[in-house]
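Hey, can you work out the whole structure from these sequences and the hints?
Now for the letters of each chain:
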Amino acid sequence: MLPEALARLVEQLSRLPTVGPKTAQRLALHVLRMPEEEVRQLAQALVEAKAKVRPCSVCFHLTDTDPCPICTNPGRDPSVLCVVEDSRDVLAIERAREFRGRYHVLGGAISPLDGVGPEDLRIRELLERLRGGQIREVIVATNPRVEGDATALYLARLIRPLGIRVTRLAHGLPVGGDLEYADEVTLARALEGRRDL
Amino acid sequence: MAVYKAEGVVLGRRALGEADRVVDLFTREFGRLRVKVKAVRRTTSRLAGRLEPFTHARLLLARGRALDVVAQVEVLDGYADLREDLRRLSYGWLVADLTLQLVPEAEPHPEVFALLVEALQLLREGDPVVAAGWYALRLFGELGYRPASGRCPSCGGEAGGDRWSPALGGFCCPRCSEADPGHLRLGGEAAGATRFLLQASAQEAGRLRLSERATGRVVAAVVAYAEARADRPLRAAKVLQALDR
Ligand SMILES: [Zn+2]
Ligand SMILES: [Zn+2]
Chain A
1 MLPEALARLV EQLSRLPTVG PKTAQRLALH VLRMPEEEVR QLAQALVEAK
51 AKVRPCSVCF HLTDTDPCPI CTNPGRDPSV LCVVEDSRDV LAIERAREFR
101 GRYHVLGGAI SPLDGVGPED LRIRELLERL RGGQIREVIV ATNPRVEGDA
151 TALYLARLIR PLGIRVTRLA HGLPVGGDLE YADEVTLARA LEGRRDL
Chain B
198 MAVYKAEGVV LGRRALGEAD RVVDLFTREF GRLRVKVKAV RRTTSRLAGR
248 LEPFTHARLL LARGRALDVV AQVEVLDGYA DLREDLRRLS YGWLVADLTL
298 QLVPEAEPHP EVFALLVEAL QLLREGDPVV AAGWYALRLF GELGYRPASG
348 RCPSCGGEAG GDRWSPALGG FCCPRCSEAD PGHLRLGGEA AGATRFLLQA
398 SAQEAGRLRL SERATGRVVA AVVAYAEARA DRPLRAAKVL QALDR
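In order, the protein sequence lines correspond to chains A and B. Residue numbering for the first sequence follows the numbering used here, starting at 1 and increasing by one per position. Residue numbering for the second sequence follows the numbering used here, starting at 198 and increasing by one per position.
FYI, nobody ran anything at the bench for these hints, they're computed from the structure. Here the structure is a predicted model, which means the values were calculated and not measured. Hints may be right or wrong, so weigh each one.
BS3-like cross-link-like pairs, simulated, lysine-lysine; straight-line CA separation at most 30 Å [to be verified]: (1) A:LYS22 x B:LYS435; (2) A:LYS50 x A:LYS22; (3) B:LYS235 x B:LYS202; (4) B:LYS202 x B:LYS233; (5) B:LYS233 x B:LYS435; (6) B:LYS235 x A:LYS22.
Okay, structure coming up:
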């Protein structure tokens with residue numbers, strides 16, 4: 001039997017995604033071995049993150065200042081908007097250091113089997129931003145899955161009539177991968193999206 | 198580890214932990230199955246692109262503890278063209294949802310598998326609304342609750358009109374329909390199409406031409422009927438209304 005306070009910690013940790021009961025126990029025991037000051041900092045970080053981090057009121061990327069640093073950065077091109085499903089996708093694209101425009105986070109993708117339709121995503125807010133008149137191109141960077149494809153098709157149908165260019169991220173082969181190991185669907189799409197050399 | 202082969206169509210999937218997925222399959226040999234795919238969400242996984250919804254594939258599965266695990270996938274048809282057309286995609290999801298909600302797990306239904314593959318072909322080549330309506334009506338029959346079309350299921354009287362009662366079990370007589378507040382008046386064109394699709398082959402269904410108004414009513418009729426049998430709403434049908442405009 002675990003002491004009650006420890007059992008409570010294990011139970012709380014095991015509610016986190018990807019943490020099973022064994023991992024939760026290992027993490028809890030690790031916390032007990034940590035210096036008290038570090039435990040305090042961990043607890044404080046949890047509470048502060050929850051209290052301070054909010055979706056940006058313009059792009060809905062997570063931020064502790066509103067609007068977020070990307071939306072307020074004068075060095076970023078306000079005429080190009082990259083639409084993503086999730087804040088994690090913003091972080092991934094930022095890591096590539098290639099994109100200099102701004103973002104719009106939808107909060108998911110159309111997924112009828114889960115009951116998620118267009119009205120459950122931040123599409124109305126996107127259209128409002130587009131009506132501002134400053135945006136010339138929307139890059140749809142939804143995931144290359146059926147749900148992401150459906151969302152892209154739906155957005156294109158709404159945005160094209162506004163006279164704004166709509167593009168989609170190319171589907172291709174993973175860099176550093178082997179052609180021979182690519183699945184046939186990815187290969188077919190990579191062939192479709194080939195470019196002149 | 199024991200492995201076995203199956204031919205199946207992917208109906209849907211959801212995340213399981215950080216990198217794994219649970220995939221809903223409909224197989225020719227074993228009916229509806231839920232299986233696990235390991236590390237499928239990593240971009241290096243060769244399985245990810247092969248297990249997208251609507252893919253028709255030959256699979257090698259390994260017996261697992263809670264769920265069996267996908268070991269290999271050979272794509273027979275990826276239905277990539279469905280993914281380029283929002284309307285076909287939307288009705289594809291309705292076909293998947295009907296299958297998930299109505300067919301019990303792990304019961305072999307080879308005749309339903311055949312219908313499903315024909316419905317996917319029809320979704321790709323024909324009117325996707327007719328395809329979904331045809332699939333639903335034929336599915337009801339295969340599962341043992343074919344809607345009544347000539348005789349009223351409640352009183353045995355004449356039911357040749359357009360009164361459709363999901364609760365009573367299909368077309369019913371005017372008198373019995375009055376007792377069911379959920380009954381629908383399909384109108385002549387949609388009622389005729391529904392009766393036709395109940396006994397049509399996929400080829401015959403593919404030749405059916407309907408007005409937009411009538412296709413909408415056929416879909417409303419089959420969705421209400423499916424929801425009455427499943428005793429819960431079809432999520433895909435709700436989203437369909439927003440997508441199919
Ligand atoms: Zn922002
Ligand atoms: Zn009757």
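We went through each hint and held it up to the structure:
A distance of roughly 40 Å separates the Cα atoms of LYS22 (chain A) and LYS435 (chain B); the hinted pair therefore is violated under the 30 Å criterion. This hinted pair checks out: LYS50 (chain A) and LYS22 (chain A) have alpha carbons roughly 26 Å apart, not beyond 30 Å. About 18 Å separates the Cα atoms of LYS235 (chain B) and LYS202 (chain B), which keeps this hinted pair within 30 Å; it holds. The hinted pair formed by LYS202 (chain B) and LYS233 (chain B) meets the criterion: a straight-line CA distance of about 15 Å does not exceed 30 Å.
Pair hint LYS233 (chain B) plus LYS435 (chain B) holds up; C-alpha atoms about 28 Å apart against a cutoff of 30 Å. Distance hint between LYS235 (chain B) and LYS22 (chain A) is fulfilled; the C-alpha atoms sit about 20 Å from each other, no more than 30 Å.
In the structure shown, a violation is registered for the earlier hint numbered 1 alone.
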